[in-house]
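Participant: Sequence:
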Amino acid sequence: MGETIYNFVSSFPKVQSEFNSIIKAVESGGQLYCKEINTYFPQNWERFGQTCKEVYSYLNDLEGKYLNVNDVKERCKYLSYWLYEKIENNDELTYNTLSLYQNFMQMNEHFPILEKNICNNYIEVISEDTYNELKELYGLFDELNNLQKNSHPQILQICENATKCYTKYMSYKDTCHGNKKKNLRNELERFRREYNSFIQNKASCNPQIKTLPSFQETNVDVLIIPIVIVLFTPLGSWFYGRIKRKKNMRKFMNEEKEQFSYDSKIPNINSHKTQYNIAYYKS
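To get our numbering, take the position in the sequence shown, counting from 1, and add 13.
To be clear, the hints were calculated from the coordinates, so they are not data collected in a lab. It is possible that some hints are incorrect.
Below, computed lysine-lysine pairings styled on DSBU-like, alpha-carbon distance capped at 30 Å [unchecked claim]: (1) Lys177 <-> Lys194; (2) Lys86 <-> Lys148; (3) Lys181 <-> Lys195; (4) Lys27 <-> Lys99; (5) Lys27 <-> Lys129; (6) Lys86 <-> Lys99; (7) Lys223 <-> Lys148.
Pair ranges (Cβ atoms, derived) [claimed, not checked]: (8) Gln170 <-> Ser210: 13 to 21 Å; (9) His190 <-> Gln119: 23 to 31 Å; (10) His190 <-> Gln170: 28 to 36 Å; (11) Asn116 <-> Lys78: 21 to 29 Å; (12) Asp142 <-> Gln119: 22 to 30 Å; (13) Phe211 <-> Pro55: 47 to 55 Å; (14) Glu31 <-> Gln213: 37 to 45 Å.
The structure displayed is predicted, hence computed values, not measured ones. Where a beta carbon is used, it is the ideal one built from N, C-alpha and C, also for glycine.
Given only the sequences and the hints, what does the whole structure look like? Please build it.
Facilitator: Rendered as structure tokens:
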């Protein structure tokens, strides 16, 4: 299964800080970007003018950095999330996150500023449900990130934040029951591991909230597949045949062993009889 935006939400707190510092520079400049936005957004150019400048400024900064593939993905996935915030609660708009990004990039084809189109393969459409789940996960990881950044947090502060995280995390118990919401459940499991690792080493809080339980359940498919293989495939037939032959061989060996044991007792019986008869004739 390919990566989705859920796989990167744990990095959003870190990326957001970087993103905000970049787009702040646009407020005092950035006039180079999006000069022709009214041509591409004739009805919404005033609404998206500043957004366009911020997107171009951010992408231009990414192109100037030496980043590995995963770093690029993290920043581009965050951009998808951020773009959704720009179009949510606006029913009159016909854009989704991907189409809005693509419209911004069309300007670059006629007025080139960006060279690499660095995020083109990583921007994705985000639905309202996905956004809401990402927002909740983002809040959890942001809370944990704030704790991890504080090198000398007070125990009281840690325990208060732990209580908030515990309550919020446990609110997903029913949502994740029965292997539902796989993407959400997997990222909650990631949060659980990171949170437990941190809190066990840092705090002396109420034991009931010190560690988070897992919502992961046994995948029934994993158990069913081997059975199907054994019963209904050539590999299963071969495997079953080997087991059957081993059972037959074991049965044969046991029978031979029993026969040998039986035969070995016969001479002993005759031997006793012979000794008894010899003793009788001597007398």
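Participant: Between Lys181 and Lys195, is the straight-line Cα distance small enough, at 30 Å or below?
Facilitator: 18 Å, holds
Participant: Does the hinted range 13 to 21 Å hold for Gln170 and Ser210 at CB?
Facilitator: Between Gln170 and Ser210, where Cβ atoms are some 19 Å apart, the hint holds.
Participant: Is 37 to 45 Å a correct range for the gap between the Cβ atoms of Glu31 and Gln213?
Facilitator: 29 Å, violated
Participant: Take the C-alpha atoms of Lys27 and Lys129, compute the straight-line distance between them, and say whether it is at most 30 Å.
Facilitator: 23 Å, holds
Participant: Kindly confirm whether 47 to 55 Å is satisfied by the beta carbon distance between Phe211 and Pro55.
Facilitator: 51 Å, holds
Participant: Could you say whether the range 23 to 31 Å given as a hint is met by the Cβ separation of His190 and Gln119?
Facilitator: Roughly 45 Å apart at Cβ, these two residues miss the hinted range, so it is violated.
Participant: Are the Cα atoms of Lys223 and Lys148 separated by 30 Å or less?
Facilitator: 24 Å, holds
Participant: Is 22 to 30 Å respected by the C-beta to C-beta distance linking Asp142 and Gln119?
Facilitator: Between Asp142 and Gln119, where Cβ atoms are some 29 Å apart, the hint holds.
Participant: With the threshold set at 30 Å, check whether the alpha-carbon distance from Lys27 to Lys99 stays at or below it.
Facilitator: 20 Å, holds
Participant: Starting from the hint 28 to 36 Å, judge whether the C-beta atoms of His190 and Gln170 obey it.
Facilitator: For Gln170 against His190, whose Cβ atoms are near 32 Å apart, the range 28 to 36 Å holds.
Participant: For a C-alpha distance cap of 30 Å, please report whether Lys177 and Lys194 respect it.
Facilitator: 22 Å, holds
Participant: Is the straight-line distance between the alpha-carbon of Lys86 and that of Lys99 30 Å or less?
Facilitator: 20 Å, holds
Hint compliance for this structure: hints 9 and 14 are broken, all remaining hints hold.
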